[in-house]
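Chemist: Quick note, the sequences are listed as chains A and B, same order.
Heads up, the final residue of the first sequence is numbered 273 in my numbering, and it's a clean run with no missing numbers.
Heads up, the final residue of the second sequence is numbered 1346 in my numbering, and it's a clean run with no missing numbers.
Take these hints with a grain of salt, some might be off.
[As the list claims (entries may be wrong)] Dumping the calculated DSSO-like pairs for lysine-lysine here, alpha-carbon to alpha-carbon at most 27 angstroms:
hint, chain 1, residue 1, chain 2, residue 2
1, A, LYS270, B, LYS1333
2, A, LYS255, B, LYS1215
3, A, LYS266, A, LYS107
4, B, LYS1108, A, LYS37
5, B, LYS1154, B, LYS1027
6, B, LYS1108, A, LYS3
7, A, LYS250, A, LYS24
8, B, LYS1286, A, LYS250
9, A, LYS3, A, LYS198
[Stated by the list, open to error] Distance windows between CB atoms, simulated:
hint, chain 1, residue 1, chain 2, residue 2, range
10, B, LYS1042, A, LYS3, 39 to 47 angstroms
11, A, ALA175, B, GLY1274, 33 to 41 angstroms
12, B, LYS1108, A, ASN97, 18 to 26 angstroms
13, B, MET1266, A, ASP191, 45 to 53 angstroms
14, B, LYS1343, A, GLY48, 17 to 25 angstroms
The set of hints was computed from the structure by calculation and includes no laboratory data.
These figures come from a predicted structure and were not determined experimentally.
In this text, a Cβ means the ideal position worked out from N, Cα and C, and glycines have one as well.
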Amino acid sequence: MNKNLYQPINGRIVDIIDESPLIKSFVVVPDEEFSFKTGQFVELTLPGEGEAPFTPSSSPADEEKMEITIMKAGRVTGLLHQCDKGQKVGIRGPYGNGYPVDDFTGKEVYIIGGGVGLAPIRSLFLTLVDRIKDFKSVTCRFGAKTQDDFIYKNTLFGSWQKIDGVEIKLSVDQASNGWDGNVGVVTTILDPSDVDIKNTVAIVCGPPIMMKYVTFKLLEFNFEPKDIYLSMEKNMSCGFGKCGHCMLGKYYVCKDGPVFTYEQIKDYPKIWE
Amino acid sequence: MEAVFTSKLKTLLDAVAEKFLLYVSSKNEDHYIYNKYDQSGKRSVEFNAIRPCAPLKEFLFPVRELAATYPKELKADDIKPFAVFGLKECDLRSIEILDKVFADEDFKDQFYIKRRENMFIISSDCSEPGETCFCNLFGGQGFPQMGFDLNVSKIRDGFIIESGSQNGNDFLINHSQLFGDVPDTLLSERDGNRAALQNQLEQNNQKLKIDAEFKEIVENAQNSEVFDAEAANCIECQACTRICPTCHCFYLYDTTQQDYFAKMKMWDSCMRFGYASMAGGANPRKVLGDRMKHRLLHKFVYFLERYGVNMCVGCGRCIDTDIGGVDLREILKKLNEEDTKTKTVK
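With the rest of the complex left out, here is chain A (with noise of 0.2 angstroms):
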């Protein structure tokens, strides 16, 4: 009861890492003991400036430190782009339900992610991989604008591939740089094949648009709406289903979710916008 729901605990920057043009990765240590489930978001305050709310990009199994990829969208992600190593910040979280893991166990688990969308997969990632034998398989269908876009490139071209378990398909929206996977919406990549559909959780996360295109994808291939899971971007500000900013139909998508399955949410008017 003490305890008051808009303070922050303290944090710094630690380290900065440039994963596109227009996102980095900020290396987060609270002064605090601080943990969240995969898929949870926090509200990452810049002091005296404002806050906005991020999913961590890191394996909720590293509770020294956490990894927050931000795109350079507004006026507070651009002031935090302007940070230097050492910069202090404020968090507030975890708030939401993050994805249901253990639900997930049994099953194919299909992943389709977009853009600055792959920094809420990644935790997701790393948590599926700890326990990789719990899954039948984990398939990802990955797009970004370029080869240079894509964030996390080091692992993603690299050591994530190489998984047993896991089977990552890449496709950019235009070739550049000598690039020789598939050119096109990440749809293009998407085939009924990849998964066997009536035991595969489909997780998605992009931007609007992409999320879109993929969720009626996903339908054409007979998935079932409670077997899809959307990643919902709302304007989340207070974190606890009070402000009313973030309300998607019924729900306070950062108390209810951010994770929803289509099932869910369908039935309302302009979810995608």
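Put chain B on the given structure of chain A with help from the hints.
Modeler: Below, chain B alone, put in the same frame as chain A:
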């Protein structure tokens, strides 16, 4: 439960003001607003016939407040006991609704709770309903039965004061020398007033009675053109949501002070264009009619599904304040007509 009589309101208010910082309703042109109580009697205190124009929420959830400071942590300790006189039954029911949001959930807002615990509530019966009052359509009756510390009913020769809580009881017992007994004849007079009030409310809102559930008609109106048509009269001033005693959306922002950083919390409105917009410009409710629809869906569908109660008490403040003439009662009526028509066609 104690009931006492006083011929002068001032007797009660002076006694309350000895113990609490007291806010009272006072007349400002044709409406009532809350002011700090002035014991000198320079500013006259009137028994307000209907709810003050300002919503009660401003005492529990101020227009703007400090939500957090850092690096040094803010505590809710400096919230002192205070009392409010002049609120009506609709206001009491609005507190129940705000409690569900700020106090009754897994995430408790300690500033709200602290204010709530420190608020001594002196409600009162309405004398006669205002033109825009439609509380009876939302289960109201114009006089409080619970949720107060003290309630005041105006009768011809004075006021009946009744306690509704342990604090209220203690107050009346501790000040028994100030008040007289209430004979049954006065209680009958009060009950007569109350019955007349209920009748008046029924009569005033007869033509607005809707057979269907509000939830149903608003839920069925997803594709209705009523919202866009009504939006044509809306000037986006957001007053309807700010003056609403149940609307509780807020906006968090950060500021830099001389030696600390602060997180501020300020009322916000879902009628504001940028309310739901995200970094990068995506905005699910760019269209004003969609924002109006969302406001009604939240009030009559989503909130009800989550908390089991409508997020409207029928106080009519949003109608009083609307410069463009948007009238919630009329919207509900139109949606009902549309809904009935659709069902008949089917």
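Chemist: Each hint should be assessed against the structure and marked as holding or not.
Modeler: How the hints compare with the structure:
Straight-line distance between C-alpha atoms of LYS270/A and LYS1333/B comes to about 26 angstroms, which keeps the hinted pair within the 27 angstroms bound. Note on LYS255/A and LYS1215/B: the hinted pairing holds, with a Cα-Cα distance of about 23 angstroms set against a maximum of 27 angstroms. Distance restraint check for LYS266/A and LYS107/A: the Cα-Cα separation of roughly 23 angstroms lies within the 27 angstroms cut-off, and the hinted pair is therefore satisfied. Of the pairs offered as hints, the one joining LYS1108/B and LYS37/A holds, with about 22 angstroms between alpha carbons and a cut-off of 27 angstroms not exceeded.
Of the supplied pair hints, the one linking LYS1154/B and LYS1027/B holds, its CA atoms being roughly 17 angstroms apart against a limit of 27 angstroms. Taking the CA atoms of LYS1108/B and LYS3/A, the gap is about 9 angstroms. The hint holds against a cut of 27 angstroms. Our distance criterion of 27 angstroms between C-alpha atoms is broken by LYS250/A and LYS24/A, whose separation comes to about 34 angstroms. Restraint check for LYS1286/B and LYS250/A: the C-alpha separation of about 19 angstroms stays at or below 27 angstroms, so the hint holds.
Restraint check: the Cα-Cα separation between LYS3/A and LYS198/A comes to about 45 angstroms, which exceeds 27 angstroms; the hinted pair is violated. Checked against the hint of 39 to 47 angstroms, the C-beta distance between LYS1042/B and LYS3/A comes to roughly 44 angstroms, which is consistent with it. With their beta carbons about 38 angstroms apart, ALA175/A and GLY1274/B fall inside the hinted range of 33 to 41 angstroms. Checked against the hint of 18 to 26 angstroms, the C-beta distance between LYS1108/B and ASN97/A comes to roughly 20 angstroms, which is consistent with it.
Checked against the hint of 45 to 53 angstroms, the pair MET1266/B and ASP191/A passes, with Cβ atoms roughly 50 angstroms apart. About 56 angstroms separates the C-beta atoms of LYS1343/B and GLY48/A, a value inconsistent with the hinted range of 17 to 25 angstroms.
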